[in-house]
Amino acid sequence: MLKKARVAVSVALFSLITFYFVDFAGLLHGKMANLPARAQLIPAVLASAFAILVALAVLTLLFGRVYCSSVCPMGVYQDVAAWISKRVAKKKKRYKFGKAKNLLRAAVLAATLAIFFKFPLVLAFVDPYSAYGRIAANVFRPVYMAGNNALAAIFTQFGSYTFYKTDVFVVSVFSFAVAALTMLAIGYLAWRHGRTYCNTICPVGTVLGFLSKFSVFKIRIDKSKCNSCGLCEVKCKAACISSKQKTVDSSRCVDCFSCLNACRRDALKFAPALMPKKTSTAGHSSAGDVGAVECSVDEGKRRFLIAGVATAAAAPVAMAGDKVGSLTGSSRYVRQHPILPPGAVSVDNMLKHCTSCHLCISKCPSQALKPAFLEYGLAGIMQPTMYFEKGFCNFDCTICSEACPNGAIKPLTKEEKHLNQGGYVVFHKELCVVPTDETNCGACSEHCPTQAVTMVPYKDGLTIPHINVEICIGCGGCEFICPVRPFRAIHIEGHAVQGKAKPFEEQKKEVKEIDSFGF
Amino acid sequence: MDRKQFLRTLALAGAAITLKPKGGMDLMAQSRDGKTVDLVAVMGGEPAEMFKQAIEELGGMSKFIKSGWKVVVKPNIGWDKAPELAGNTNPELVAEVVRQCFQAGAKEVTVFDHTCDDWIKCYKNSGIEAAAKAAGAKMAPAHEESYYREVRLPLGKKLKTAKVHEAILNCDAWINVPVLKHHGGANLSISMKNHMGIIWDRRIFHRSDLQQCIADVCTLEKKPTLNVVDAYRTMKTNGPQGRSTSDVVDTKSLFVSKDIVAVDTAAAKFFGQIRDMPLEHVGHLANGQTMGLGTMKLENLNIKRIKIG
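The listed protein sequences correspond, in order, to chains W and L. Quick note, in my numbering, the first sequence goes up one by one and the last residue is 519. Quick note, in my numbering, the second sequence goes up one by one and the last residue is 309.
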């Protein structure tokens with residue numbers, strides 16, 4: 001019963017979040033659409049989403065790592081892989097108890113804390129949500145789009161435009177490779193050994209595992225009933241049940257509930273702490289239980305404290321860095337400055353918040369975001385940056401800022417977006433076709449929503465671009481459409497710290513009475 | 001009567017029968033003073049109302065659209081802008097053109113534009129998708145290269161080939177429904193400029209003499225059967241996208257003609273009343289005339305001017 005409920009909830013949440021990633025047509029939209037992403041632990045920590053953090057902590061303290069079995073898409077992905085392997089395996093699949101690799105777990109967790117010192121790369125690689133996000137965005141999404149295109153081709157044949165074709169492409173080879181390798185590596189581990197990733201590498205698993213030791217409900221073995229037959233152990237994909245010692249390492253148990261049905265003697269229960277104690281017959285039964293757990297409690301406490309201290313120490317440093325950045329600004333515009341997504345505030349803000357889940361990149365309807373390579377340096381590899389090969393940032397669009405669960409891209413209203421200056425325009429007159437060919441063009445100005453690029457008289461009725469950097473927001477419309485090759489005659493330079501554009505001057509609407517045709 | 005004669009008579013009789021209704025149509029198209037109307041200009045009404053008047057003066061939609069035809073109505077939906085900002089063709093006008101096509105017996109009416117902004121936002125926020133669908137038309141996507149097929153433009157001077165949207169290539173007739181507006185590059189965007197929305201790669205236009213390329217693309221063999229210029233609201237500055245309603249003048253006018261150069265010349269002269277716009281600055285007009293696409297000499301045409309209210 002419990003297991004069925006768990007499977008149902010997991011499948012529902014997994015489908016929802018996966019569809020949110022691949023859904024290029026924007027069928028899932030609205031304020032609540034990204035809730036499954038916001039409910040992820042690492043994003044909630046980075047976004048300081050206290051309500052979600054409290055909810056997750058309470059959930060875990062009550063029931064253990066149900067987060068890992070249902071909320072985390074990477075967890076469910078592994079279950080899917082394990083389930084398939086069970087289906088296709090010739091031999092019956094048997095898991096085996098393994099010792100907790102607590103040193104490894106602590107070491108990885110400690111390394112991820114580097115994000116508080118503007119080195120998000122480790123966390124970006126190992127955070128299960130972000131790693132799964134990249135798989136969904138870089139692998140599943142193109143597959144989904146290709147499927148759509150096949151359907152669209154058939155429907156279009158019959159004159160129906162119910163489905164429309166979409167451009168399928170790999171936006172970054174590096175990110176695709178990372179996503180594919182992650183998918184294969186974690187998939188392989190799950191195929192062979194179940195939830196290995198969750199109990200060795202995953203920092204979320206480590207933190208929640210620590211909390212789970214104190215959870216009210218947990219899988220408990222009634223030692224008076226258990227005969228160490230091992231039926232539960234071979235079902236345990238977390239490898240946390242030792243049937244010999246009749247113990248369950250609840251720091252590694254992901255609440256899959258597979259063991260419950262396996263036991264023929266009804267010795268396994270998912271129950272509050274007090275109940276088995278009341279029913280337990282002899283003192284020695286609980287002693288063994290406690291003994292197994294105790295050795296790692298201290299270690300866990302230590303880890304927790306270290307994490308807390310490190311966070312506390314990092315926060316003021318990080319905040320101070322922010323202040324300095326905004327005070328001094330970046331007066332020397334270096335060409336290498338990548339263009340941040342609107343609302344990303346600054347490169348520093350990105351380095352402290354973004355774990356490269358690629359949700360913003362998936363959601364951008366204009367295909368104006370791609371994973372960076374080394375534009376932000378090594379630390380920011382795979383983080384989103386604007387580019388204008390496929391499109392440009394729509395003036396009224398705030399989708400990326402609404403989608404970001406990490407607080408890396410802060411939510412913007414349409415009005416704020418209109419003045420958010422992520423970059424500024426640079427015009428290269430010597431390359432422009434108006435002076436070189438003495439013909440009309442105006443493509444850049446045409447695409448400029450603020451008329452920071454406007455066409456002014458040149459000669460003989462020709463008009464030439466004139467730029468006003470103050471009102472430019474760096475949307476890239478001009479760069480996108482400029483027809484000059486190999487080097488465009490107009491381009492956008494990024495800001496390391498996003499600025500504020502001046503609102504363009506609104507002229508009063510003149511009422512012009514026209515009552516003749518003029519010909 | 002030998003066999004050859006019999007066949008000739010039969011062929012002639014057949015030809016006469018097919019010609020007859022056309023002659024009748026031409027008669028209907030003549031205005032009260034008996035001459036064929038070349039261009040209709042209407043002022044002072046609502047978009048749908050003005051179009052109804054104009055098409056009536058031209059002999060009714062059935063003169064241009066035949067029963068059972070697949071028709072394309074091609075408005076300008078280039079920008080993610082609300083109708084009040086006049087960046088796109090008026091949705092009520094588009095809807096009325098669609099309705100008239102169906103009334104004339106069209107089997108299917110398709111509406112599309114290769115937009116500059118994100119096409120989904122343009123279709124939606126222009127109001128055109130909702131209006132056209134309510135009138136029974138299909139909205140076709142045009143954001144992907146695979147919807148286009150390459151055609152030759154043997155008469156083009158700079159542009160020898162272009163990838164044209166399949167809806168245009170597959171239809172029996174298409175109606176060009178641009179909006180009159182200022183354009184930073186071409187100076188004005190009207191019917192000829194609206195052709196850029198049926199083409200995939202527009203950068204090449206801008207790279208290789210925009211004013212000539214606009215005329216070149218209008219040499220496409222399948223020409224619009226009618227050009228309907230929306231000047232209900234006219235963007236006078238910061239075109240073609242515009243920034244705010246201060247760029248817009250409420251001009252409440254409409255120009256309709258089969259002659260694309262003439263209707264654009266008329267619209268350009270009309271625009272010249274709002275803001276100085278010498279015709280020679282709108283280079284594609286003269287280029288179009290040189291290439292025989294139509295005439296700028298409005299004085300030689302029979303123009304019907306109608307003022308409502």
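Keep in mind the hints are simulated off the structure, nothing from the lab. Treat the hints loosely; a few may be bogus.
Stated by the list, open to error - Pairwise CB distance ranges, derived in the manner of DEER restraints:
no.: 1; chain 1: L; residue 1: Gly105; chain 2: W; residue 2: Thr436; range: 45 to 53 Å
no.: 2; chain 1: L; residue 1: Gly105; chain 2: W; residue 2: Pro503; range: 45 to 53 Å
no.: 3; chain 1: L; residue 1: Thr161; chain 2: W; residue 2: Val80; range: 28 to 36 Å
If you're wondering where the values come from, they're calculated on a predicted model, not measured in any experiment. Cβ coordinates follow ideal geometry from the N, Cα and C atoms, glycine included.
We went through each hint and held it up to the structure:
1. L:Gly105 / W:Thr436: 45 to 53 Å: The hinted range 45 to 53 Å holds for Gly105 of chain L and Thr436 of chain W, with Cβ atoms some 51 Å apart.
2. L:Gly105 / W:Pro503: 45 to 53 Å: holds, 51 Å
3. L:Thr161 / W:Val80: 28 to 36 Å: violated, 49 Å
Hint 3 alone, counting from the list given before, is not met by this structure.
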